[in-house]
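K.L.:
Given the sequences, and given the hints that come with them, work out the whole structure.
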Amino acid sequence: MIRIEHLTKVFGGEKVVDDLSFVLEAGTSTALIGPNGAGKTTTLSMLTGLLKPTNGSIRMNDTQDIRKEIGFLPQYPNFYPWLTALEFTEMTGKLNGVPSRDAKKQAERVLDFVGLTNDRSKKTSTFSGGMKQRLGIAQAIVHKPKLLILDEPVSALDPVGRREVINLLKQLQQHSTILYSTHILNDAEEMTDQLLFLKKGQLVEQGSLKDIRTKFDSFRYKIQFTSKEEASLFATQSQLPTTVEESYAFIEIKDGFPTMQELMSQLIVLPFSILKVERVTMTLEEIFMKVVGQ
Amino acid sequence: MKTFIILLQKEFRESWRSFKFLWMPLLFILLGITDPLTNYYMEDILNAVGNMPDGFSLSLPDFVPIDILMASTGQFQSIGLIVFVITIAGMINRERQNGTATLIYVRPISFFALFMSKWVVGSLLGILSVSLGYAGSMYYTAILYGSVDTMSFIQMVMSYCVWIVFATAVALMFSAIFKTAFATTFTIIVIPFGVMIDSLIGQYWHFSPWKLANYSVQLLSDTHNEYYIKTLLLTIILLILAIIIGILFTRKNAGTTKI
Ligand SMILES: Nc1ncnc2c1ncn2[C@@H]1O[C@H](COP(=O)(O)OP(=O)(O)O)[C@@H](O)[C@H]1O
Ligand SMILES: [Mg+2]
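Chains as they are written, first to last, in the working numbering: chain A, 6 to 299; chain B, 166 to 424.
Treat the hints as calculated values from the structure; they're not laboratory data.
Among these hints, one or two may not hold up.
[Claimed, not checked] Derived pair list, reagent style DSSO-like, types lysine-lysine, alpha-carbon separation capped at 27 Å:
no.: 1; chain 1: B; residue 1: K185; chain 2: A; residue 2: K128
no.: 2; chain 1: B; residue 1: K344; chain 2: A; residue 2: K127
no.: 3; chain 1: B; residue 1: K423; chain 2: A; residue 2: K57
no.: 4; chain 1: A; residue 1: K73; chain 2: A; residue 2: K57
no.: 5; chain 1: A; residue 1: K57; chain 2: B; residue 2: K185
no.: 6; chain 1: B; residue 1: K423; chain 2: A; residue 2: K205
no.: 7; chain 1: A; residue 1: K110; chain 2: B; residue 2: K167
no.: 8; chain 1: B; residue 1: K185; chain 2: B; residue 2: K344
no.: 9; chain 1: B; residue 1: K344; chain 2: A; residue 2: K149
no.: 10; chain 1: A; residue 1: K73; chain 2: B; residue 2: K423
no.: 11; chain 1: B; residue 1: K423; chain 2: A; residue 2: K20
no.: 12; chain 1: B; residue 1: K344; chain 2: A; residue 2: K137
no.: 13; chain 1: B; residue 1: K423; chain 2: A; residue 2: K137
no.: 14; chain 1: B; residue 1: K344; chain 2: A; residue 2: K57
no.: 15; chain 1: A; residue 1: K204; chain 2: B; residue 2: K185
no.: 16; chain 1: B; residue 1: K417; chain 2: A; residue 2: K128
no.: 17; chain 1: B; residue 1: K167; chain 2: A; residue 2: K73
no.: 18; chain 1: A; residue 1: K149; chain 2: A; residue 2: K109
no.: 19; chain 1: A; residue 1: K151; chain 2: B; residue 2: K423
no.: 20; chain 1: A; residue 1: K110; chain 2: A; residue 2: K128
P.N.:
Take a look at the structure:
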């Protein structure tokens, strides 16, 4: 278990990270969610020991040097171009105390895991972004750390690379404690026990996905028209507060009002066709905007 | 100790794969053999080039071996030293600036081990280059001008190596304190320019690290230099100081690595 208390970082008089307190339970994964500039990287850097907190503490059950227990993947990992993937992973393993006789085997094993078996003897200078990200994961897990810290592990990847990395992380999740940052909510949705919403350095909301949903979720109607014009036309005529996105019109449901019947009675008189009407919940993306948006 | 060995291995690998252990010694060998050869063949060169006005006769001074070794030392102290210290002054800060340091700094390493691994490899690169450079100079000097006492020669080279090891420590210290542009500037001011300044106005003091190179060559002559030992000791003390400051700043500036 890792306990973070009153973590604060001031850069040039500005509180970039402002009094964060949270707990990472062993075996769980936590997402640190916030828009660009919210302080995610700064927070993670303090956890890795790269940055000294201005204030506050990070404690891991009777561990003196927290660097021994963590694996870190920066947002844009940089490797020595003159080392091969295997040499680099082996070296980083040894630096983390993997015994010399096991280091190479262990490095090969994690490179296998991330799918770099065939590229392990290539210099890292030849690697693509996706390969670097996978090598980044390999070096972060080579020493079997207690806590895996990942800074926006999939943000820079294309959809295929993103899927691959998410699958790797899901596997890792089964037997490690993970803390990762993201500004893309879909990632969080798939693999997270605890969400921490960060806004301008402050923790504005925290809890499980379910907690957050219950707290912020609201229902609304989503009506699909054949064109944006028709959706807009409906919005101007409608007596209900309506927002338009492409060919969709949205109507908030407050305290059960309007009912589906009431909505139907308005729709039925429209002179143009309606493709679909449904009652929907907010996407995580929308909750995110609600929590950390303006 | 274990992390020191691993980091040392890494530094050697880097220097080896970037061919530093090839081109740096080659540079010093070239600088070393230039003076004995050009001085000896100067008359022939001038004649071959021709175009000498009639009646023009050039009287070249008669050099003795120590003059030639002094001249080679002058080459090392200018071009050689500039190239060498610039290489060293980028060893720590460049890794921070390109972010490669990040994946090292998040591991349980000591900054003592980190700094020392770079200092050891830098120093060995310098010692190898300088030794081969002097060997090249001595080889042609011995053929063309005559020999010197072997023990004194070895003493001179070792003594000059203390200076190179000092220069390595100072350049690394600046590398730990500043970003590359500033570190390079300060290093060039303190080391090669320092040598120049000391040779211009150095008559006002008798011992300083910047005099060590000249004093080293004087070990070949019979005259006893009462300031030599003090200069040597001062250099070693400042060297240790540079290492201590360098280690402290390596740790202090660890957070400036690109994340
Ligand atoms: N070394 C630094 N010096 C000054 N300001 C910084 C430094 N690092 C980050 N910041 C500022 O702190 C804020 C948070 O940055 P960061 O932690 O990188 O956010 P995120 O990772 O959430 O995008 C930004 O406004 C950024 O400009
Ligand atoms: Mg960031």
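K.L.:
Of all the hints numbered above, which does this structure not satisfy? Sort the numbers upward.
P.N.:
Per hint list: 2, 5, 9, 15, 16 violated.
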